[in-house]
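Enquirer: Can you make the complete structure from the sequences, with help from the hints?
Residue numbers (my numbering), protein chains in the order written: chain A, 904 to 1079; chain B, 60 to 212.
Don't take each hint at face value.
What the hints assert, rightly or not - Computed beta-carbon distance windows for the label pairs:
| # | chain 1 | residue 1 | chain 2 | residue 2 | range |
| --- | --- | --- | --- | --- | --- |
| 1 | B | 120 | A | 982 | 19 to 29 Å |
| 2 | B | 156 | A | 1015 | 31 to 41 Å |
| 3 | A | 1016 | B | 115 | 45 to 55 Å |
| 4 | B | 106 | A | 988 | 30 to 40 Å |
Stated by the list, open to error - A few chain A residues that don't get close to chain B, going by computed Cβ distances all over 12 Å:
| # | residue |
| --- | --- |
| 5 | 907 |
| 6 | 910 |
| 7 | 917 |
| 8 | 921 |
| 9 | 938 |
| 10 | 939 |
| 11 | 953 |
| 12 | 958 |
| 13 | 963 |
| 14 | 964 |
| 15 | 997 |
| 16 | 1033 |
| 17 | 1052 |
| 18 | 1068 |
The set of hints was computed from the structure by calculation and includes no laboratory data.
Every residue gets a Cβ at the ideal spot worked out from N, C-alpha and C, and that includes glycine.
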Amino acid sequence: MKRWQFLAPLGLFVVLLGFLAVGLNLNPREVPSPLIGKPAPAFALPRLDDPAQTIRRDDLLGKVWMLNVWASWCVSCREEHPVLVEYTRQHPVLIYGLNYKDTRAAALDWLARFGNPYAASLSDAQGLVGIDFGVYGVPETFIIDKQGIVRMKHTGPVTPQVLRERIEPLLKKLNA
Amino acid sequence: MRNTLVAVALAALALAAGAKEAAPEAADPALEARLVAIATELRCLVCQNQTIADSHADLAVDLRNQVREMLRRGDSDRQIIDYMTARYGDFVLYRPPVKPTTMLLWFGPGLLMAGGLATLVIVLRRRSRMAPEAFEADATEDAKEADAPPAAR
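Expert: Shown next, in the form of structure tokens:
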């Protein structure tokens, strides 16, 4: 017993290392959303391309869809955008855009320049629907199932890896 | 003369414009005080170590406006805090509630402290029971000998 006592500090050090390894690999920007497993917040917003038309949350019940929060002023959105454009070209996936705190002219110009992967974009000029969804860093992406329940949230640009490893399997499961 | 009049008119206009902009802030000092009290309890999610009261991030401004709106409507502090946690989770609270997932956060430091003190007490007690021969002579006595003048040797 006594002979091994000198190893105690080493043991403590290893425990400390373990804590640091886990703690330092956590991303403090990734705040878990309390919305997961709960109904998506209700909204009724004008379409970006046709403000006379309104889209409501309940219009989308019965479909599995993605809500992608974007803005023309958002730098990371530009990085994410081609990934979404490319993905929708190859896969039948329903993505609605939430155009967050943007002006209509700038947003339409952005879509014309970089392509439009969205079934439609909704104008949230005041950012109020954004607050209801707990948006804090654009871009953000939500997946909502046929019952209108939020099943996943991704903060930051969607990458091909995120699409392949998290989004695609979930969409397959929800659509089955 | 005419120039002076124009200048006075412009100054008055500027004052009027300034006053108009400041109006909502100063409208109700009691409400603003409550707003600040609530906002200092809420974390800004964009600049995570600031409160919503301190932060100049767009989102913090929006959330402050939202809180102000709710206060005007007559919502209670509890309702506003619940509104925020429903959207952003316990993470927005600078004082998270005590529940199973936050037990370690609340009591971890106390446990570490208690563990450290217990170890200290055990080690000191064990030492006080040891015979004096178990310890090396004090280093200071050796030092004294070394300091003695060479002539004394």
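Enquirer: State for each hint whether it applies.
Expert: Hint by hint, here is what the structure shows:
1. 120/B - 982/A: 19 to 29 Å: 26 Å, holds
2. 156/B - 1015/A: 31 to 41 Å: 48 Å, violated
3. 1016/A - 115/B: 45 to 55 Å: 30 Å, violated
4. 106/B - 988/A: 30 to 40 Å: 31 Å, holds
5. 907: Residue 907/A is indeed farther than 12 Å from all Cβ atoms of chain B, at 17 Å.
6. 910: Label holds. Min Cβ-Cβ 16 Å, cutoff 12 Å.
7. 917: Residue 917/A clear of chain B: closest Cβ-Cβ about 17 Å, beyond 12 Å.
8. 921: The assertion about residue 921/A holds, with a minimum of 15 Å to chain B.
9. 938: 8 Å, violated
10. 939: 10 Å, violated
11. 953: At about 26 Å from chain B, residue 953/A clears the 12 Å cut-off, so the statement holds.
12. 958: Correct as stated: the minimum Cβ-Cβ distance to chain B is 21 Å, above 12 Å.
13. 963: 20 Å, holds
14. 964: At about 21 Å from chain B, residue 964/A clears the 12 Å cut-off, so the statement holds.
15. 997: 24 Å, holds
16. 1033: Given that some Cβ of chain B is not farther than 12 Å from that of residue 1033/A, nearest at about 8 Å, it is violated.
17. 1052: Answer for residue 1052/A: holds, closest chain B Cβ roughly 15 Å.
18. 1068: 24 Å, holds
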